[in-house]
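Novice: What follows is the residue order along each chain.
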Amino acid sequence: MEKRIRVLVAKPGLDGHDRGAKVVARALRDAGFEVIYTGLRQTPELITEAALQEDVNVIALSLLSGAHNTIFPKVLELMKAKKMDDVLLIGGGVIPDADIPGLKAAGVAEVFTPGTPTSDIIEFIKANVK
Amino acid sequence: MDIVQELLAGSPRALSRAITAIENEYEEAFSIMQKLYPHTGKAHVIGITGPPGAGKSTLTDKLAKKYRENGKTVGIIAVDPTSPFSGGAILGDRIRMNELTMDPGVFIRSMGTRGSLGGLSLKTSDAAKIMDAAGKEIIFIETVGVGQSEVDIVKAADTTIVVLVPGLGDDIQAIKAGILEIGDLFVINKADRDGVERLNTELEMMLDLNQNKVKWRPAVNRTIASRGVGIDELMEKIEEHRTYLQESGELALRRTQRTRDELLALLEEQISRRVTEKMRASGELDFLVASIEQRRQDPYSVVAALLDAYLI
Chain A
225 MEKRIRVLVA
235 KPGLDGHDRG
245 AKVVARALRD
255 AGFEVIYTGL
265 RQTPELITEA
275 ALQEDVNVIA
285 LSLLSGAHNT
295 IFPKVLELMK
305 AKKMDDVLLI
315 GGGVIPDADI
325 PGLKAAGVAE
335 VFTPGTPTSD
345 IIEFIKANVK
Chain B
192 MDIVQELLAG
202 SPRALSRAIT
212 AIENEYEEAF
222 SIMQKLYPHT
232 GKAHVIGITG
242 PPGAGKSTLT
252 DKLAKKYREN
262 GKTVGIIAVD
272 PTSPFSGGAI
282 LGDRIRMNEL
292 TMDPGVFIRS
302 MGTRGSLGGL
312 SLKTSDAAKI
322 MDAAGKEIIF
332 IETVGVGQSE
342 VDIVKAADTT
352 IVVLVPGLGD
362 DIQAIKAGIL
372 EIGDLFVINK
382 ADRDGVERLN
392 TELEMMLDLN
402 QNKVKWRPAV
412 NRTIASRGVG
422 IDELMEKIEE
432 HRTYLQESGE
442 LALRRTQRTR
452 DELLALLEEQ
462 ISRRVTEKMR
472 ASGELDFLVA
482 SIEQRRQDPY
492 SVVAALLDAY
502 LI
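Sequences listed follow chains A and B, in order. In the numbering used here, each residue carries its 1-based index in the first sequence increased by 224. In the numbering used here, each residue carries its 1-based index in the second sequence increased by 191.
Just so you know, not all the hints are guaranteed correct.
Stated by the list, open to error - Residues of chain A clear of chain B, computed beta-carbon distances all greater than 10 Å:
| id | residue |
| --- | --- |
| 1 | Val259 |
| 2 | Ile260 |
| 3 | Thr262 |
| 4 | Ala274 |
| 5 | Asn293 |
| 6 | Glu301 |
| 7 | Lys328 |
| 8 | Glu334 |
| 9 | Lys350 |
To be verified - No more than 30 Å apart at the CA atoms, straight line, and that leaves these computed lysine-lysine pairs for DSSO-like:
| id | chain 1 | residue 1 | chain 2 | residue 2 |
| --- | --- | --- | --- | --- |
| 10 | A | Lys304 | A | Lys246 |
| 11 | B | Lys263 | A | Lys307 |
| 12 | A | Lys227 | B | Lys256 |
| 13 | A | Lys298 | A | Lys227 |
| 14 | B | Lys226 | A | Lys354 |
| 15 | B | Lys263 | B | Lys469 |
| 16 | A | Lys298 | B | Lys226 |
| 17 | A | Lys306 | B | Lys226 |
| 18 | A | Lys307 | B | Lys256 |
| 19 | B | Lys256 | A | Lys306 |
| 20 | A | Lys307 | B | Lys226 |
| 21 | B | Lys226 | A | Lys246 |
| 22 | B | Lys346 | A | Lys227 |
Hint data in this document are derived by calculation from the structure and do not stem from the laboratory. Here a beta-carbon is modelled for each residue, glycine too, at the ideal position from N, C-alpha and C.
Work out the full structure, taking the sequences as your base and the hints as a guide.
Specialist: Below is the structure:
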């Protein structure tokens, strides 16, 4: 059996709706990925621990609250501590263009802002998954 | 240290990686299972099955917490359906179990069915064995939301719990063959809804008609899992069933049967794999297919000849 790409889709922080995350989850499912969906209001600790237990290839975070500059580095730090160096971290949601270079420099593989076709996300994952 | 030693030493990452290896049938999967097998057979495996939306995940979450309070380590395998069209899946059972994620005494793994139709995936039993070897004392296997005939869980679990909710059908549903035959325990969840008395009566009547389960009469339990109602009582019943299995010798019987089934399935799988690999590599497969298609040979004689060639 060929390797099946597993993606954890999570919503860290306090913002209260996950329509965007669900649309992405559904698109990834239709692309043949196994999507582990953990729901709203997750802590970075919980996200990385779930990702470890599920042995995912990708962690995809959806953030609308403006907390991205705090949460992404925290998740990266925990991933490093758990030696999850072969896991891709990507993000999406309401993230100002000006913040994206900083997030990428910190280790976020890619950031997808509103209006991105889901096919771009799928292609990115297929091309970059380790 | 290799993955097996790390797993036996308690590394969650090694546990996680081992499950991936068997699920994706990586080359090392066979040797991982070989080395882990002597460490299996200790856990009590509890199957949770029932229709979609009956509350299986919430019930599993509450029962797992209860076992944790009693000092037991817990493994949970939550199975959700794989799309037959894309091969993808949304595995969403963890949503109800988030509080357990940070407990180091609990390990949760979601699995897609990947084409298997019995309510589990082909590798679910192996995943449970891996958790068993990793020292999890209680292992919950939550099936996909089942209809009537997905009953593979009985082959994997020591205690099977069928979860139902009021209002799904009339009393003839309760006497049909299928999932209602496999329960060691029954749960009516969402028991604050209308129709609970009727469902309870129907289940009791159905159970009274069972001729073949004379030694263990499954109990019907009521729960409201979202509020934690009835969980203590359900856990007591599970423990009662576990004691019954041990004292009656039923556990030994079931495990003998399971060992036999697993051995035969593994043998079948490996014979088929080895023979097909050789046929593919030599080009014999394409040659034989063409010759059968042109009616120069028939498939029955071809298979007989192949078995003579490869197995004797």
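Novice: It remains to establish, for every hint, whether it holds in the given structure.
Specialist: Do the hints match the structure? See the list:
1. Chain B draws Val259/A into its interface by the beta-carbon criterion, the shortest separation being 5 Å against a cut-off of 10 Å.
2. Interface exclusion of Ile260/A from chain B breaks down, the closest Cβ pair being 5 Å apart, not more than 10 Å.
3. Residue placement check: Thr262/A does not keep its beta carbon more than 10 Å from all beta carbons of chain B (closest about 5 Å).
4. Remark: the non-interface label on Ala274/A conflicts with the geometry, its nearest Cβ contact in chain B lying 5 Å away (cut-off 10 Å).
5. In this structure Asn293/A is separated from chain B by more than 10 Å, as the shortest Cβ-Cβ distance comes to about 24 Å.
6. The Cβ of Glu301/A lies farther than 10 Å from every Cβ of chain B, with a closest approach of about 17 Å, so its non-interface assignment holds.
7. The Cβ of Lys328/A sits about 26 Å from the closest Cβ of chain B, beyond the 10 Å cut-off, so the non-interface label holds.
8. With a least CB separation of 20 Å from chain B, Glu334/A remains clear of the 10 Å interface cut-off, as annotated.
9. Lys350/A, annotated as away from the interface, keeps every beta carbon of chain B farther than 10 Å; the closest lies near 13 Å.
10. Proposed proximity of Lys304/A and Lys246/A is supported: the alpha carbons are some 27 Å apart, at most 30 Å.
11. A distance of roughly 28 Å separates the Cα atoms of Lys263/B and Lys307/A; the hinted pair therefore holds under the 30 Å criterion.
12. With a C-alpha separation of about 33 Å, the suggested pairing of Lys227/A with Lys256/B is violated against the 30 Å cut-off.
13. Distance check on the hinted pair: Lys298/A and Lys227/A sit about 29 Å apart at the alpha-carbon level, within 30 Å; holds.
14. Distance check on the hinted pair: Lys226/B and Lys354/A sit about 27 Å apart at the alpha-carbon level, within 30 Å; holds.
15. Restraint check: the Cα-Cα separation between Lys263/B and Lys469/B comes to about 47 Å, which exceeds 30 Å; the hinted pair is violated.
16. Of the pairs offered as hints, the one joining Lys298/A and Lys226/B is violated, with about 37 Å between alpha carbons and a cut-off of 30 Å exceeded.
17. For the proposed pair Lys306/A and Lys226/B, the alpha carbon gap of about 25 Å is at most 30 Å, so the pair holds.
18. Restraint check for Lys307/A and Lys256/B: the C-alpha separation of about 28 Å stays at or below 30 Å, so the hint holds.
19. For the hint pairing Lys256/B with Lys306/A, the CA-to-CA distance comes to about 25 Å; that is within 30 Å, so the pair holds.
20. Under the criterion of a C-alpha separation no larger than 30 Å, the hint pairing Lys307/A with Lys226/B is consistent with the structure, at around 25 Å.
21. The hinted pair formed by Lys226/B and Lys246/A fails the criterion: a straight-line CA distance of about 40 Å is larger than 30 Å.
22. Restraint check for Lys346/B and Lys227/A: the C-alpha separation of about 27 Å stays at or below 30 Å, so the hint holds.
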